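Here the protein sequences come in this chain order: A and B.
Count the first sequence with numbering that gives the first Met the number 0 and you get residues 0 to 549, in order.
Count the second sequence with numbering that gives the first Met the number 0 and you get residues 0 to 191, in order.
No lab work stands behind these hints, which were simulated from the structure alone.
Remember, predicted model here, so these are calculated numbers, not experimental data.
Just to be clear, a hint being listed does not mean it is correct.
[Claimed, not checked] Only pairs whose alpha carbons sit at most 30 Å apart, straight line, appear in this in silico DSS-like list of lysine-lysine: (1) B:K99 <-> A:K377; (2) B:K75 <-> A:K416; (3) A:K416 <-> A:K239; (4) B:K75 <-> A:K377.
[Stated by the list, open to error] Examples of chain A residues lying across from chain B (beta carbon under 7 Å, computed): (5) G69; (6) P78; (7) P176; (8) P340; (9) F350.
For every residue, glycine included, the Cβ atom is placed at its ideal position computed from N, Cα and C.
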Amino acid sequence: MPDHDVIIIGAGAGGPVVAKELAEQGLKVLHLEAGAWHDRLERDLTHSEADMTNPVSGVFRWGPSDRDQGPWVRRMVGPGLITQVAGVGGTTLHYFANSPRAFPLAVERGRWPVSYRSLIPYYERVESILPVIRDPRLPTKDAWALYGADKFGLKEIIGPDVTRAGWRPQPNAVLPPGYAGPGTGCTQCGHCYEGCMHPHHVPVAQRAKRGTNVSYVPLATRHRNYRLVSNAFATKIVTKEVDGKTTAAGVQWRDVVTGETNEATARVVVLAAGCIESPRLWLNSELPNTNDAVGRYLTIHWFDFVTGIFDHAIHPYVGQNSQSRVDFPGLGMLETVGLNPGKEAFGAYTFSQSWGADDNSADQPWDTRGHLVGDALKTAMDGYDRSLNFLVVTDDQRHPENRVMLADDWPADENGKVPKIQYTPTTRSDQRRDQLAINAAEILRAAGARTVHRADWPPLYLHMQSSMRMGRKPETSVVDKNQEAWEVQRLYVCDASSLPDSLGGPNPTLTTFAFATRTAEHIAVHEFGRDPFVKSGDGVTSPAGFPKKN
Amino acid sequence: MSEITRRDFLAMGGKTVVAGGLILTIPKALYDPRWRGAAAALAPSDVQATFTALVEAVTTVADEKAAAWIIAEFDKALPPLPEGSPSSAVAAVLDSYTVKGGYGATFSSADPDARRSVLGDMVKDPTPDIRQIANQILPFASFTHWSDATLDAPATVGGPRLPQWDEVAWPGPAHSYLDTYRDGGPHRFHPK
Chain A
0 MPDHDVIIIG AGAGGPVVAK ELAEQGLKVL HLEAGAWHDR LERDLTHSEA DMTNPVSGVF
60 RWGPSDRDQG PWVRRMVGPG LITQVAGVGG TTLHYFANSP RAFPLAVERG RWPVSYRSLI
120 PYYERVESIL PVIRDPRLPT KDAWALYGAD KFGLKEIIGP DVTRAGWRPQ PNAVLPPGYA
180 GPGTGCTQCG HCYEGCMHPH HVPVAQRAKR GTNVSYVPLA TRHRNYRLVS NAFATKIVTK
240 EVDGKTTAAG VQWRDVVTGE TNEATARVVV LAAGCIESPR LWLNSELPNT NDAVGRYLTI
300 HWFDFVTGIF DHAIHPYVGQ NSQSRVDFPG LGMLETVGLN PGKEAFGAYT FSQSWGADDN
360 SADQPWDTRG HLVGDALKTA MDGYDRSLNF LVVTDDQRHP ENRVMLADDW PADENGKVPK
420 IQYTPTTRSD QRRDQLAINA AEILRAAGAR TVHRADWPPL YLHMQSSMRM GRKPETSVVD
480 KNQEAWEVQR LYVCDASSLP DSLGGPNPTL TTFAFATRTA EHIAVHEFGR DPFVKSGDGV
540 TSPAGFPKKN
Chain B
0 MSEITRRDFL AMGGKTVVAG GLILTIPKAL YDPRWRGAAA ALAPSDVQAT FTALVEAVTT
60 VADEKAAAWI IAEFDKALPP LPEGSPSSAV AAVLDSYTVK GGYGATFSSA DPDARRSVLG
120 DMVKDPTPDI RQIANQILPF ASFTHWSDAT LDAPATVGGP RLPQWDEVAW PGPAHSYLDT
180 YRDGGPHRFH PK
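From just these sequences and the hints, can you work out the full model?
Dropping the structure here:
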């Protein structure tokens, strides 16, 4: 008899969803997370940019919970920046909680193995549990952004299924101010990226930003058959042969604090370690990879950043960090981003692949492009309180050479061979990004921006997707429509790495959750003989105890 | 450019936990033998002067605390060199490109415009690792200057402030901005 029914690797975006759903079904679940568990938010989180988001030693860096130690290594081919977060909640600790659905166009065009319509009940369940809410009460930056989009000629998008270009308040997994009475919900403090601790003095499960650390994980921990182990870095997926087929049988992990090695067995293993660590663990475990598909087809939404400076205050530090969006099915989308000044200087003006002084943007809708330094940077930052940012999020075309592999040119660390990532945008992705940047600049102009700057970012590995992609054929994918590995029985991949592609541009978290819910139901039914538990509009109650509301 | 080998790395006695997030491909260039001698020859005060000059070139402010913080972060994130430190290797690279471009003898002794030209040359260098060094130290300099990295403790609501926050009109960390919410209505998105 195995030790557990299910072992889940990773407590970021996908793992906690599977954990909650299977724990509710009475299954014995062991959940492993490489980072720390910040279960006392007022103690563990601050509103400090350097303390929280500095990627070398910040709380949200990718590294051991002892911040006196260096971060964990990754290798990368070419310039860029990777943002990964270790800890219960993973990247949902620092995300903006933007929760749009995939574009239906992307599902059809990308020949996904499941239909958009069949995903809707799972979207609805996640949107209800988190919950996801579009709040039309907007802070200044978002009001100006949507004003500009309206002047640009776009109309409001009503409803969650996006089939045409338009603007809308973000569907965010954030409890709005006063959601369940005075003192509840978001305080609009503007520190989503530094981690949400508000409102103080309410139970953790009622905090405003619905990262998995305050939503799905507390729901799972209500069940005695669920056990979460933090500081547990999975180093090997153990398999055995069953009826001549490679079958998942357990997991080995390393205690990050003590260095001890542990192992447990289970009937089912769920891999949810993220787009870099999931393929890394697969390859380090020497699991079958007949078609060399593991790690390939990585997409990253090929971001850029466009900033307008106005004559009047925008107050970019006020409100949820991204509370409005402009969707362009076929190209991607734009979303507002409000940052504190350190990250504004970084993201808007000094993270670039081109040198500003050389730029000739006379025929473009922006005034400047590329690195700004010296007086040019000082002048731009003097306009910080009057600046409005659009994050350009591209419908990133997948390509087999964009991939995660094991580094053969760097020493292994204590967790095995280190990952190496390479990405080059395709010509089509470049064209889409350029068009979106033009749209962003013109929307900012329509809103009244006096000057516009395009950062021209190098690759930012933030919305990483599809490195263990789901597909119709094992030649070009790693998992089938139920997220079960083609080549390893009872091994499921339930994070953004198993998404089929970049979803057309929408943020990946909600779709990752929807697929994880769908796969949890599949596991419960087909591996353990439970009944299906997801129906369209089933009106589940949110973990905060609030009624369904959308 | 030659690359660090596993044997080189292990011979350095380097930690195996080395880098992540922000600093990724810097190590291979930094450990190139071309810089090692120059890096080893730099005194800590030279490295401090170089990073202060870097921050000044990027932000116009000779922010010594920001420079010291960046040096500490580099040396924490990257494996040690046989002699010198990762930050001294960065300083050596900056000096080398200062000489190569004819801007002066050292990065710190060049004037701010010349230093910015050095950075521009590195951003456009044909070697990806050199471009990557530039693409890491530029954002690091700006982030460090305008964030709370140089405060003695993480910024708090109502706590100590930096003068550069006043210059950009940032009120500092906050617990709430509930008074900014806009009510609904037919023109609810029209800015007031």
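Hints versus structure:
1. B:K99 <-> A:K377: Satisfied, since the Cα-Cα distance of roughly 28 Å is no more than 30 Å.
2. B:K75 <-> A:K416: Given that 30 Å is the threshold and the Cα spacing comes to 21 Å, the pair holds.
3. A:K416 <-> A:K239: Holds, at roughly 23 Å.
4. B:K75 <-> A:K377: 29 Å, holds
5. G69: 5 Å, holds
6. P78: 4 Å, holds
7. P176: 6 Å, holds
8. P340: 4 Å, holds
9. F350: It holds, given that the least Cβ distance between F350 of chain A and chain B is near 5 Å, below 7 Å.
Taken one by one, the earlier hints all hold for this structure without exception.
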